[in-house]
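J.: Listed below, chain by chain, are the residues.
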Amino acid sequence: DIQMTQSPSSLSASVGDRVTITCRASQYISNYLNWYQQKPGKGPTLLIYAASILQSGVPSRFTGSGSQTDFTLTISSLQAEDFATYYCQQTYTSPQTFGPGTTVDIK
Amino acid sequence: QVQLLESGPGLVRPSETLSLTCSVSGASISAYFWSWVRQPAGKGPEWIGRVYSSGSGSYNPSLWSRVTASLDTSNNQISLKLSSVTAADTAVYYCARGPMVGTSNYNYFYMDVWGKGTTVTVSS
Numbered sequence: 116d117i118q119m120t121q122s123p124s125s126l127s128a129s130v131g132d133r134v135t136i137t138c139r140a141s142q143y144i145s146n147y148l149n150w151y152q153q154k155p156g157k158g159p160t161l162l163i164y165a166a167s168i169l170q171s172g173v174p175s176r177f178t179g180s181g182s183q184t185d186f187t188l189t190i191s192s193l194q195a196e197d198f199a200t201y202y203c204q205q206t207y208t209s210p211q212t213f214g215p216g217t218t219v220d221i222k
Numbered sequence: 094q095v096q097l098l099e100s101g102p103g104l105v106r107p108s109e110t111l112s113l114t115c116s117v118s119g120a121s122i123s124a125y126f127w128s129w130v131r132q133p134a135g136k137g138p139e140w141i142g143r144v145y146s147s148g149s150g151s152y153n154p155s156l157w158s159r160v161t162a163s164l165d166t167s168n169n170q171i172s173l174k175l176s177s178v179t180a181a182d183t184a185v186y187y188c189a190r191g192p193m194v195g196t197s198n199y200n201y202f203y204m205d206v207w208g209k210g211t212t213v214t215v216s217s
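Chains as they are written, first to last, in the numbering used here: chain A, 116 to 222; chain B, 94 to 217.
Accuracy of the hints is not assured; some may be wrong.
[Said to hold, decoys possible] Listed next, the in silico BS3-like pairs over lysine-lysine satisfying Cα-Cα at most 30 Å (straight line):
hint, chain 1, residue 1, chain 2, residue 2
1, B, K209, A, K154
2, A, K222, A, K154
3, A, K157, B, K136
4, B, K174, B, K136
5, A, K154, B, K174
6, B, K136, A, K154
7, B, K174, A, K157
8, B, K136, A, K222
9, B, K136, B, K209
10, B, K209, A, K157
11, B, K209, B, K174
12, A, K157, A, K222
13, A, K222, B, K174
In short, the hints are calculated from the structure, not lab data.
Remember, it's a predicted structure, so these values are computed and weren't measured experimentally.
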């Protein structure tokens, strides 16, 4: 299985901050990388797919980049509703695998 | 608006079969891929498997010998069966909609709509 790692595992930030989360795959996955946001007690919501394509309805402050094994999710100006856990997911090979998550909380 | 609602027994005995149903409103299940994902408390999600209207499925190799997912198009529902459960199967189980079949980006297999999840505990 392809192993996904994320860094940092958690971070504290303030509203208006620029936040960057990194995801790394244990082997080549091209751009088969999706990002999800999850809030406590709820199912994940899709933010970005194919590494950089913004899902319809997702605010433009979220951007994704990267290819091959290294990817980033950037929130350009953190809003109150963005405090959550973020997961990356590779779909290049089966089984699809998720990263362990990055929790963004309020500083 | 598309809505997914998972249902099933909250408690399952070890060695028994877990059966879950995902009821879909606002979309025809025939047009999309559908996945099951589970998430143990405090951990990241784990993909269980995926099905679509052809009836074919793709499953996580770690579970393939115990899992079956299927579509019930007459009731617009997706089902999941997981046999021989153990405490390690305790988790929140989600159903999720994948890309529309035949679209240009379908092979990215992202999941764009998720249910609220149902908690399953395996215990005697």
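J.: All hints are to be evaluated individually against the structure, with a verdict given for each.
T.: Going through the hints against the structure:
1. B:K209 <-> A:K154: holds, 11 Å
2. A:K222 <-> A:K154: holds, 17 Å
3. A:K157 <-> B:K136: Within the cut-off at roughly 14 Å; holds.
4. B:K174 <-> B:K136: holds, 22 Å
5. A:K154 <-> B:K174: holds, 27 Å
6. B:K136 <-> A:K154: Holds. B:K136 to A:K154 sits at ~13 Å (cutoff 30 Å).
7. B:K174 <-> A:K157: The hint holds at about 23 Å.
8. B:K136 <-> A:K222: holds, 23 Å
9. B:K136 <-> B:K209: This hinted pair holds, its Cα atoms lying about 17 Å apart.
10. B:K209 <-> A:K157: holds, 6 Å
11. B:K209 <-> B:K174: holds, 19 Å
12. A:K157 <-> A:K222: holds, 23 Å
13. A:K222 <-> B:K174: violated, 43 Å
Violated hints amount to a single one, hint 13; each of the other numbered hints is respected by the structure.
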